[in-house]
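Undergrad: Spelled out from the first residue to the last, the chains are:
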Amino acid sequence: MSGSPNTVKIAVKSFRVFQGKEDALRGITLEIAANRILGIIGPAGAGKTTFLRALNRLNDLTPDTHVEGQVLLDGADIYHPAFDVVALRKRVGMLFALPVALPMSIAENVAYGPRLSGLRKRARLEEIVERSLKAAFLWDEVKDRLQMSGLRLSGGQQQRLCLARVLAMEELEVILLDEPCSGLDPISTAKIEDALAVLKERYTIILVTNNTKQAARVADDTAFFLQGELIEHGLTAKLFTVPDDKRTNDYVTGRFG
Amino acid sequence: MRVPPKFTQSLAVLVLGAATLLTVVVLVFIIAFVLVKGLPGVTWEFLSSPPKDMGKAGGILPTLVGTVLLPLLAIAIALPLGVGTAVYLTEYTRENPLTRALRFGTDCLAGIPSIIFGLFGFIFFVVMLKMGWCLLSGALTLAIMVLPTIIRTSEEAIRSVPNAYREVSFSLGATRWETVLKVVLPNALPGIVTGVILGIGRSIGETAAVIFTAGSSLRMPLSVFDSVRTMSVHFYILAREGISNENAYATAAVLIISVVLVNLAAYSMMHRFIAKRSK
Chain A
136 MSGSPNTVKI AVKSFRVFQG KEDALRGITL EIAANRILGI IGPAGAGKTT
186 FLRALNRLND LTPDTHVEGQ VLLDGADIYH PAFDVVALRK RVGMLFALPV
236 ALPMSIAENV AYGPRLSGLR KRARLEEIVE RSLKAAFLWD EVKDRLQMSG
286 LRLSGGQQQR LCLARVLAME ELEVILLDEP CSGLDPISTA KIEDALAVLK
336 ERYTIILVTN NTKQAARVAD DTAFFLQGEL IEHGLTAKLF TVPDDKRTND
386 YVTGRFG
Chain B
10 MRVPPKFTQS LAVLVLGAAT LLTVVVLVFI IAFVLVKGLP GVTWEFLSSP
60 PKDMGKAGGI LPTLVGTVLL PLLAIAIALP LGVGTAVYLT EYTRENPLTR
110 ALRFGTDCLA GIPSIIFGLF GFIFFVVMLK MGWCLLSGAL TLAIMVLPTI
160 IRTSEEAIRS VPNAYREVSF SLGATRWETV LKVVLPNALP GIVTGVILGI
210 GRSIGETAAV IFTAGSSLRM PLSVFDSVRT MSVHFYILAR EGISNENAYA
260 TAAVLIISVV LVNLAAYSMM HRFIAKRSK
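As given, the protein sequences belong to chains A and B, one line each in that order.
136 is the number of the first residue of the first sequence in this note's numbering; add one for each residue after it.
10 is the number of the first residue of the second sequence in this note's numbering; add one for each residue after it.
Please keep in mind that the hints were generated in silico from the structure rather than gathered at the bench.
This one's a predicted model, so the numbers in the text were calculated from it and none came from an experiment.
Here a beta-carbon is modelled for each residue, glycine too, at the ideal position from N, C-alpha and C.
Incorrect hints may appear among the rest.
Pulled a few chain A residues facing chain B out of the computed Cβ check, cut under 8 Å [to be verified]:
#  : residue
1  : Asn191
2  : Leu193
3  : Leu196
4  : Val202
5  : Leu208
6  : Ala217
7  : Arg224
8  : Lys225
9  : Phe231
10 : Leu233
11 : Val235
12 : Pro238
13 : Gly248
14 : Leu254
15 : Ile322
Here are the simulated DSSO-like cross-link-like pairs (lysine-lysine), alpha carbons at most 30 Å apart as the crow flies [to be verified]:
#  : chain 1 : residue 1 : chain 2 : residue 2
16 : A       : Lys381    : A       : Lys348
17 : A       : Lys381    : A       : Lys326
18 : A       : Lys256    : B       : Lys139
19 : B       : Lys15     : A       : Lys269
20 : A       : Lys256    : A       : Lys269
21 : B       : Lys191    : A       : Lys278
22 : A       : Lys256    : A       : Lys335
23 : A       : Lys335    : A       : Lys348
24 : A       : Lys326    : A       : Lys348
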């Protein structure tokens with residue numbers, strides 16, 4: 136929502152994450168531009184998901200985790216003790232690898248965030264539900280059965296329901312996606328990707344994916360992670376054609392990973 | 010020499026089948042025995058009139074009322090305490106020596122014979138707090154007695170709620186308390202209800218702890234400070250003092266039927282709730 140293209144939305148500075156004794160992220164420094172899609176690629180265990188979960192402090196919930204360095208959202212350090220975590224998570228929404236519809240109706244799933252923010256007006260909630268489901272390309276499929284349990288939707292529909300639930304948050308500025316299409320068929324995947332292409336006009340999007348082709352398709356910028364380190368970061372077109380680092384080249388050409 | 014697997018397999022089926030059969034037969038025999046002996050005495054008049062002559066004649070109305078009120082009050086006290094403790098242990102603390110000690114304590118509490126609770130209730134509520142034999146003393150004692158069951162079943166139920174639900178809730182900006190209220194507890198409800206049913210079952214059937222704390226008055230209770238007699242206590246007194254075997258069996262039959270009804274009601278409520286959420 137805020138900022139013109141190329142303003143920095145999130146600045147990560149010498150950021151490290153320790154889980155127990157092992158260091159999951161070893162000093163990441165990265166600037167994430169507003170209103171663009173950043174793809175994060177890398178083999179399993181590279182720290183992609185840990186990085187993503189650090190951006191809305193979901194790692195706080197994992198026992199024995201601590202962090203060093205800074206993550207600045209619009210210039211404010213989200214790990215500063217005075218920073219309000221609940222407010223942070225409303226601004227930085229997350230879509231998980233497995234679609235998790237909460238066991239409540241479709242409408243209630245979408246309205247979950249706004250209700251937490253204290254919104255009670257029925258008409259306003261209905262409006263948000265409709266707008267969010269449309270933005271997630273799900274409205275046409277569910278508009279006649281909004282009171283049905285979200286659990287009865289198919290996997291692809293549930294993932295779009297989860298996207299709608301994130302989009303329903305009025306404070307939303309950044310969308311984190313953790314391999315959102317890993318369990319989906321090609322058609323559902325295409326629908327999510329179409330939605331992202333539209334959504335980047337309003338939001339900053341960070342997409343972790345195991346599918347390098349997906350990153351090449353939808354990401355404006357791409358970052359390559361390997362064993363907890365950021366190897367290379369730049370325009371997607373460049374990173375996939377003339378990468379600076381040999382390891383990046385090996386990975387994107389399918390020589391390992 | 011090796012026993013052929015085919016033989017051990019048949020033997021296992023036989024032994025396991027026999028064990029099941031024996032269990033069912035004993036259970037059915039007890040229930041049938043009580044019902045056959047007791048049901049002829051269960052009439053509308055028996056249910057709706059007060060006892061006469063210490064229970065030798067007349068009905069069981071006050072004890073019926075006592076049997077309904079006492080467990081209800083006990084659960085009303087134990088449920089918030091038990092579920093609150095379970096939520097605290099599972100959601101608000103990580104495993105540490107203190108939670109392990111608490112859990113060990115509740116497990117020990119669950120194994121203590123009910124008469125000890127009765128004695129404690131008598132000394133503490135009836136004598137020390139000068140509450141006397143009354144509905145409230147009995148309910149408080151029963152609440153302490155069923156607390157471990159409710160804590161442990163609720164804990165298991167809360168633990169079985171998928172962590173992914175919690176993560177989704179947190180990621181949408183919910184606080185821990187909002188997550189507990191809107192996601193964890195609704196999904197743990199079936200398990201919590203199971204604990205409540207076990208608790209009700211235990212309190213309805215309880216005799217020792219009740220005689221010591223709620224007393225055995227045959228008058229109709231008018232407030233929580235009146236003494237009551239439950240059906241279990243009534244049955245015990247009728248049978249033990251040889252007052253009336255017929256009325257004792259009739260009381261037992263009513264007791265068994267009430268327990269079945271309570272369980273059916275609780276399960277149907279639970280199923281309706283689950284069906285509503287997954288429709």
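Undergrad: Look at each hint and say if it fits the structure.
TA: Hint check:
Interface hint at asparagine 191 (chain A): satisfied, since its Cβ lies 6 Å from the closest Cβ of chain B, which is below the 8 Å cut-off. The criterion of a C-beta within 8 Å of any C-beta in chain B is met by leucine 193 (chain A), whose closest approach is roughly 6 Å, and the hint holds. For leucine 196 (chain A), the interface hint holds, the least distance from its beta-carbon to any beta-carbon of chain B being 6 Å, beneath 8 Å. The restraint placing valine 202 (chain A) at the interface with chain B is violated, with a minimum CB-CB distance near 17 Å, outside the 8 Å limit.
Because the beta carbon of leucine 208 (chain A) sits about 14 Å from the nearest beta carbon in chain B, more than 8 Å, this interface hint is broken. Below 8 Å, beta-carbon pairs count as interface contacts, and alanine 217 (chain A) has none with chain B, the closest being about 17 Å; its hint is therefore violated. A distance limit of 8 Å between C-beta atoms decides the matter here; for arginine 224 (chain A) the minimum to chain B is near 4 Å, and the interface restraint holds. Contact between lysine 225 (chain A) and chain B, as hinted, is supported at the beta carbon level, the nearest pair being about 4 Å apart and thus within 8 Å.
For the restraint placing phenylalanine 231 (chain A) at the interface with chain B, the shortest Cβ-Cβ distance is roughly 7 Å, inside the 8 Å limit, so the hint holds. For leucine 233 (chain A), the interface hint holds, since its Cβ comes within 8 Å of a Cβ in chain B; the closest pair sits about 7 Å apart. About 5 Å separates the beta-carbon of valine 235 (chain A) from the nearest beta-carbon of chain B, less than 8 Å, and the hint is met. For proline 238 (chain A), the interface hint holds, the least distance from its beta-carbon to any beta-carbon of chain B being 5 Å, beneath 8 Å.
A distance limit of 8 Å between C-beta atoms decides the matter here; for glycine 248 (chain A) the minimum to chain B is near 4 Å, and the interface restraint holds. At about 12 Å, the closest approach between the beta carbon of leucine 254 (chain A) and any beta carbon in chain B exceeds 8 Å, and the interface hint on this residue is violated. Given hint, isoleucine 322 (chain A) at the interface with chain B, is violated; its Cβ is 24 Å from that chain's nearest Cβ, farther than 8 Å. Distance restraint check for lysine 381 (chain A) and lysine 348 (chain A): the Cα-Cα separation of roughly 19 Å lies within the 30 Å cut-off, and the hinted pair is therefore satisfied.
This hinted pair does not check out: lysine 381 (chain A) and lysine 326 (chain A) have alpha carbons roughly 34 Å apart, beyond 30 Å. Taking the CA atoms of lysine 256 (chain A) and lysine 139 (chain B), the gap is about 52 Å. The hint is violated against a cut of 30 Å. Annotation: proposed proximity of lysine 15 (chain B) to lysine 269 (chain A) is violated, straight-line Cα distance about 62 Å (limit 30 Å). Straight-line distance between C-alpha atoms of lysine 256 (chain A) and lysine 269 (chain A) comes to about 20 Å, which keeps the hinted pair within the 30 Å bound.
A distance of roughly 24 Å separates the Cα atoms of lysine 191 (chain B) and lysine 278 (chain A); the hinted pair therefore holds under the 30 Å criterion. Restraint check for lysine 256 (chain A) and lysine 335 (chain A): the C-alpha separation of about 29 Å stays at or below 30 Å, so the hint holds. Between lysine 335 (chain A) and lysine 348 (chain A), the direct Cα distance comes to roughly 19 Å. Compliance with the 30 Å bound is thereby established for this hinted pair. Restraint check: the Cα-Cα separation between lysine 326 (chain A) and lysine 348 (chain A) comes to about 16 Å, which is no more than 30 Å; the hinted pair holds.
The earlier numbered hints that this structure contradicts are 4, 5, 6, 14, 15, 17, 18, 19.
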